[in-house]
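Asks: Position chains B and C against the provided structure of chain A, taking the given hints into account.
Protein chains in written order, with this note's numbering: chain A, 59 to 327; chain B, -13 to 263; chain C, 7 to 305.
Since the hints were made in silico from the structure, they are not lab data.
Just so you know, not all the hints are guaranteed correct.
Which stretches of chain B does chain C cover? Using the computed rule of at least three CB atoms under 8 angstroms from a CB of chain C, they are [to be verified]: (1) -3 to 4; (2) 9 to 18; (3) 238 to 248.
Ideal Cβ positions, reconstructed from N, Cα and C, are used throughout, including at glycine.
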Amino acid sequence: MYPHSHHKQDQPILDVSHLTVRYNGHVALEDITFHLHNGERVAVLGPNGAGKSTLFKAVAGVMPPTSGEVNIYGSRPRRHVCIGYIPQRSQVDWNFPVSVADVVMMGRSAKLGPLNWPHKKDWDFVQHALETVEISNLASRQISQLSGGQQQRMFIARALAQEAELMLMDEPLTGLDTPSQEGILNLLDRLKQENVTVMVATHDLEQAASHFDRILLLNHHLVAFDKPQAVLHTENLLKAYGGRLRPVDGENILTVDDCCDEGEHDHAH
Amino acid sequence: MTTLTDFFLQPLSYEFMQRGIIAAILVGIVCAVVGAYVVLRGMAFFGDALAHTILPGIALGYLFSGGARDVLFWWALGTSVLAALGIGAISKNSEIREDTAIGIIFAGMFALGIALISTVRSYAVDLSHFLFGDVLSVSTQSLWLILIFGGIVLLTVFAFYKEFTTLSFDPILAATLRLPVGLLNNLLLTLIAATVAVSLQTVGVALMVAMLVTPAATAYLLTHRLSHMMMLAAVFASLSGVIGLYLSFYLSIASGAAIVLTATFFFIIAFLWKRTT
Amino acid sequence: MHRFIAVTTSLMFLLTACGSKPASDSPKAVPVVFASTTFLADITRNVAGDRILVESLLPIGSDPHSYQPTPQDITKISESQLLIINGAGYEHFLEPLLENADGEREIIEASAGINLRRDAQGDHDVDPHIWLDPNNVILYVENIREALTHFDPDGAAIYQSNAETYIAELKNLDAWITEQVNQIPPERRLLVTNHEALGYFSDRYGFTVIGAVVPGTSSDASTSARQMADLIDVIKSSGAPAIFLDEVENPNLAEQIADETNVRVVTDLHLESLTDGSPAGTYIDMMKHNVTRIVNALK
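So that you can see chain A by itself, here it is in the shape it has in the complex:
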């Protein structure tokens, strides 16, 4: 019942070609073209409202393109169940009566099919996923009892249980304290060992530069897509962030000021 498309290994894991997404009369993404290699870690940068979430949803096959194509291993996203989407923590109903293990097990739904209950193999996947992200001890906690960092790890574990090969993380570092952020970034290294390709939306230019292979700079259209040193130039950043830059310390280090954009989320965690 659920799609299991063959992964053509000669095709890139993600190939986006002239992708345009329009909804409610609003152009979210325009003519985006890029492709990813297996195992890459890509940071997606851009101001709020730039279309990062929309890009992730189009890649995941959740939002249909208005024009253009997205291909995962050579076929449409909807033919794959190997794409893990990790939502922004502010979009989640934390009072939902489920435990950490329940949520991670949800990732196995595609493999299970209807009228089937989880087998030992599925529990093994869940267990392994929880161990990889180091929250095995929290398996039976209700999800509102987690810290921000633990919540993030739970979703990554879910994507692992899903056997995702491409993970799309929507602002996983926002609102976390520095140690937690470091923890998540280190986790990304471990994911590379599991051969998982990762796209992470973030606001932190420094982290983007130091922990990722390439940076995708987005503002409704593709501003730049290259190694960090090649992308992080004033010219590119001005194109992407417009008037939202502030010079700091008189040196050529720019910080993004994004406190006052539309669609600002509640970073209460």
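Replies: Coordinates of chains B and C only, in the frame set by chain A:
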């Protein structure tokens, strides 16, 4: 002590009370389980609207086939399923906000029902039974219908439990896992519709939403796991049904209202208990 | 399809009401008198003969206890100069209509001067089902004759002779009923009805009213569980053989009780309205039909 046993046994010595109590328990369980999803997905208004949109179907049932209770069940079932899928379709496809769309349909259908019923002047009493419940006249055949259709609803929830739960918690995950989201949503709407049709006889249209929402909301306060929430809600709902009917018997108050007041009482206790712990 | 007949009949009635307006332009204008219900209209017609057109406010097949009036009814009342009602609180639905209708009219209570029963609860309501004892209807006829004579003095003699003829028929009816009832063994002269409608009938012909599904003298009330339980108990202990319902009443509760007590349910009495043609096209036919059904069920 004999008076206490008498107190409990006396109502049970009447067959109509036995059937009424069984009906209230069965209805309570089905409403509680389906109601868990209604509460978690914020569909209380939808549930209330659905109960009201059944009225024109009932009116047509009266016009075409008299007042036989069991025939009316099929009219109620058909109308509620159509209404549920219709509301679902409209709120998805139009520019009007979902609650506005629901409100418009709800009021329009209810008015249509009243207009139809007013053309047949002699059914004022029956109208009040549909609005407020009539657990006293549950026939053996009605009980079978409640058992069979209630059972189908429960089995379906059981079969698709993880799909419904995934869909309710994270619709985007459901989409990325290529679960048949549209189908599952419509299936859930149909289950809610069937639950409403099955439960109409005990609590009536006006109080239907209480049976869907109150026991589940009470359980929500007391447990962190969805499966426990459903079971606890079923317990509260059944208890409310039995206690409500006993209250109705000894205090001569309307049975539907007694059941809902009992369920609400449980909620208030749970709410206060939660605040103090 | 009975309801469709009721709907179409009421529609036809409305059309007749509209259609009868031009009658006032015709050379020989026949005055219109309204009676509240179909059986009252029939009784009044028997006194009025051809001199006056008598029409019923309520359509055939309606339940006066739960009747919801329409704006058309206000129009009808406004046009009438004489209104014959049962009285004893029967016509609740009339109060708002009378408040809102123009013009003036005389309102005659057909049951004026009759000793009234109260309902089984004791002091609550008066029992209005007076017409179900034909001997009371003799008094109705007297009151109506007087009213018509006052309204149309020229017809006094005709009304007098019509009344006498009809009263003779009513006395025959009374004798016939007594004879029929004698076929029922005394211990089985037990009546259970949907609401308390047969009080005067029982008093006159020697029945005992065991109880009613819906407490009180109106079909508009609702039953509690305890009341149902009590009724079941009393039916079992008294051995009442049947529950009697008017055709316009919902039989659901009665059928529940019948299941549990193993009694018959008779659903086609006509107590508060005539039918269109047989079996209860006139008051006398209505009474004969009811008595036949009761006697057949109990003997």
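Asks: Please verify the coverage claim for the stretch 238 to 248 of chain B: does it have three or more residues whose C-beta sits within 8 angstroms of some C-beta in chain C?
Replies: holds (count 4)
Asks: With a cut-off of 8 angstroms between beta carbons, are at least three residues of the stretch 9 to 18 of chain B near chain C?
Replies: Our answer is that it is violated, as 0 residues pass the Cβ test (under 8 angstroms) against chain C, missing three.
Asks: Does the stretch -3 to 4 of chain B contain three or more residues whose Cβ lies closer than 8 angstroms to a Cβ of chain C?
Replies: holds (count 5)
The structure fails hint 2 only (numbered hints given earlier).
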